[in-house]
Each structure stands twice: as structure tokens, then as C-alpha cells.
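Peer 1: Sequence:
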Amino acid sequence: MPYNTPRPAPLNGPGECPRCGEAVIFCLNAKGNLQAVNRERRDYGNQAVRQDQAGRWHVRQLGKDRPTLEGSEALHWPHAATCTNPAPRPPAARRLSSSRVRVGVRPVRWQR
Numbered sequence: 031m032p033y034n035t036p037r038p039a040p041l042n043g044p045g046e047c048p049r050c051g052e053a054v055i056f057c058l059n060a061k062g063n064l065q066a067v068n069r070e071r072r073d074y075g076n077q078a079v080r081q082d083q084a085g086r087w088h089v090r091q092l093g094k095d096r097p098t099l100e101g102s103e104a105l106h107w108p109h110a111a112t113c114t115n116p117a118p119r120p121p122a123a124r125r126l127s128s129s130r131v132r133v134g135v136r137p138v139r140w141q142r
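Going by the numbering used here, the sequence shown opens with residue 31, and the numbers climb by one from there.
Source of the hints: derived by calculation from the structure; they are not laboratory data.
Some hints here could point you the wrong way.
If you anchor each label on the Cβ, the simulated ranges turn out as follows [said to hold, decoys possible]:
| no. | residue 1 | residue 2 | range |
| --- | --- | --- | --- |
| 1 | Arg119 | Trp140 | 43 to 49 angstroms |
| 2 | Tyr74 | Pro118 | 25 to 31 angstroms |
| 3 | Ala123 | Pro44 | 37 to 43 angstroms |
| 4 | Asn34 | Leu99 | 37 to 43 angstroms |
| 5 | Asp73 | Arg119 | 29 to 35 angstroms |
| 6 | Pro120 | Arg96 | 30 to 36 angstroms |
| 7 | Ser102 | Leu64 | 17 to 23 angstroms |
| 8 | Lys94 | Arg124 | 36 to 42 angstroms |
| 9 | Lys61 | Ser102 | 19 to 25 angstroms |
| 10 | Leu92 | Arg136 | 57 to 63 angstroms |
| 11 | Asp73 | Ala123 | 40 to 46 angstroms |
| 12 | Arg71 | Pro118 | 26 to 32 angstroms |
In silico SDA-like cross-links for lysine to any residue, where the CA-CA straight-line distance does not exceed 20 angstroms [to be verified]:
| no. | residue 1 | residue 2 |
| --- | --- | --- |
| 13 | Lys94 | Asn59 |
| 14 | Lys94 | Gly75 |
| 15 | Lys94 | Ala60 |
| 16 | Lys61 | Glu103 |
| 17 | Lys61 | Asn42 |
| 18 | Lys61 | Arg90 |
| 19 | Lys94 | Asp73 |
| 20 | Lys61 | Trp87 |
| 21 | Lys61 | His88 |
| 22 | Lys94 | Tyr74 |
| 23 | Lys61 | Arg86 |
| 24 | Lys61 | Gln91 |
| 25 | Lys61 | Ala110 |
| 26 | Lys61 | Pro108 |
| 27 | Lys61 | Leu92 |
| 28 | Lys61 | Asn76 |
| 29 | Lys94 | Trp107 |
| 30 | Lys94 | Ala104 |
| 31 | Lys61 | Gly85 |
| 32 | Lys61 | Arg80 |
| 33 | Lys61 | Gln81 |
| 34 | Lys61 | Gly43 |
| 35 | Lys94 | Leu105 |
| 36 | Lys94 | Asn76 |
| 37 | Lys61 | Arg96 |
| 38 | Lys61 | Asp95 |
| 39 | Lys61 | Leu41 |
| 40 | Lys94 | Pro108 |
Ideal Cβ positions, reconstructed from N, Cα and C, are used throughout, including at glycine.
Work out the full structure, taking the sequences as your base and the hints as a guide.
Peer 2: Spelled out as C-alpha cells, the structure:
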């Protein structure tokens, strides 16, 4: 085959969280990244979710510049805040053993 196969489109719309299996909606944010939001609507949510004419789901954070819902948007809660099996934290920075830690520097002749 002379051409590479095209990259599949990212999952957009209703689905399940790959970590906990809860029902979520995968939406595109303003930067084009996927963000999972809980499927049920909430009055106290902070994510405005809408579906465009092409069927893609979009999400935006409510902020000081646009604090209310616009058009066909609905309030949802981000799934990262409620996931029962969140992604693991990155490992902490490894410390050097006490034998390799440098406490001070040997003074040079003019420092004595």
C-alpha cells in the first residue's frame, strides 16, 4: 500500500470513561483537546456543553468574560473531578542517596 492509512478521528460524543466505565460525553475544548464531562446535566456545573450542526460536541469553561449559557448550551460537570479511578500520579523525583549528595565544596586556596 503506497499511502499511510489516515489517523482515525478522535472519539467525540457520548461514550464511557476508559478508566472507570462511567457514562461521559467526550467534547472538544477551545484548543481542540478532548475533555470528558459527565453525561447528566447539573444546575451547579461549570462546563457549558453544546453540539454543533455537524454533530460534534464542544465544551467551554464558564468564566468572568462569558458567565452564562448561550444558545443551546447545557451545564455539565467535568468528569476528571468525579472519576472513581483517576489517572495515576507521575512518580516523585528521585532523590540521590545520602552518599552521593554534595554538602559543600572544598574551599579554594584564596578562600582559606
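Peer 1: Work down the list of hints and note, for each, if the structure agrees.
Peer 2: Each hint tested on the structure:
1. Arg119 x Trp140: 43 to 49 angstroms: Given about 47 angstroms between the Cβ atoms, the range holds.
2. Tyr74 x Pro118: 25 to 31 angstroms: holds (29 angstroms)
3. Ala123 x Pro44: 37 to 43 angstroms: Once the Cβ atoms are compared, 39 angstroms apart, the range 37 to 43 angstroms for Pro44 and Ala123 holds.
4. Asn34 x Leu99: 37 to 43 angstroms: holds (42 angstroms)
5. Asp73 x Arg119: 29 to 35 angstroms: Given a distance of about 32 angstroms, which is inside 29 to 35 angstroms, the answer is holds.
6. Pro120 x Arg96: 30 to 36 angstroms: holds (33 angstroms)
7. Ser102 x Leu64: 17 to 23 angstroms: holds (20 angstroms)
8. Lys94 x Arg124: 36 to 42 angstroms: Check passed, 41 angstroms falls within 36 to 42 angstroms.
9. Lys61 x Ser102: 19 to 25 angstroms: For Lys61 and Ser102 the Cβ distance comes to about 22 angstroms; the hint holds.
10. Leu92 x Arg136: 57 to 63 angstroms: This hint holds: roughly 59 angstroms between Cβ atoms.
11. Asp73 x Ala123: 40 to 46 angstroms: The hinted range 40 to 46 angstroms holds for Asp73 and Ala123, with Cβ atoms some 42 angstroms apart.
12. Arg71 x Pro118: 26 to 32 angstroms: holds (30 angstroms)
13. Lys94 x Asn59: holds (17 angstroms)
14. Lys94 x Gly75: Measuring from Cα to Cα gives roughly 15 angstroms; hence the hint holds.
15. Lys94 x Ala60: Measuring from Cα to Cα gives roughly 16 angstroms; hence the hint holds.
16. Lys61 x Glu103: Holds, because 18 angstroms separates the two Cα atoms, which is no more than 20 angstroms.
17. Lys61 x Asn42: holds (15 angstroms)
18. Lys61 x Arg90: holds (10 angstroms)
19. Lys94 x Asp73: holds (18 angstroms)
20. Lys61 x Trp87: Cα-Cα ~13 angstroms, so holds.
21. Lys61 x His88: holds (11 angstroms)
22. Lys94 x Tyr74: Holds - the C-alpha atoms of Tyr74 and Lys94 are around 16 angstroms apart, at most 20 angstroms.
23. Lys61 x Arg86: holds (14 angstroms)
24. Lys61 x Gln91: Since the Cα atoms of Lys61 and Gln91 sit roughly 12 angstroms apart, the hinted pair holds (cutoff 20 angstroms).
25. Lys61 x Ala110: holds (18 angstroms)
26. Lys61 x Pro108: The hint holds at about 16 angstroms.
27. Lys61 x Leu92: Holds, because 15 angstroms separates the two Cα atoms, which is no more than 20 angstroms.
28. Lys61 x Asn76: The given pair, whose Cα atoms are some 18 angstroms apart, holds under the 20 angstroms limit.
29. Lys94 x Trp107: Given that 20 angstroms is the threshold and the Cα spacing comes to 18 angstroms, the pair holds.
30. Lys94 x Ala104: holds (18 angstroms)
31. Lys61 x Gly85: holds (18 angstroms)
32. Lys61 x Arg80: Holds, at roughly 16 angstroms.
33. Lys61 x Gln81: holds (16 angstroms)
34. Lys61 x Gly43: holds (17 angstroms)
35. Lys94 x Leu105: holds (16 angstroms)
36. Lys94 x Asn76: holds (12 angstroms)
37. Lys61 x Arg96: It holds: about 17 angstroms lies between the C-alpha atoms, which stays within 20 angstroms.
38. Lys61 x Asp95: holds (17 angstroms)
39. Lys61 x Leu41: Measuring from Cα to Cα gives roughly 16 angstroms; hence the hint holds.
40. Lys94 x Pro108: holds (18 angstroms)
Of the numbered hints listed earlier, not one is contradicted by the structure.
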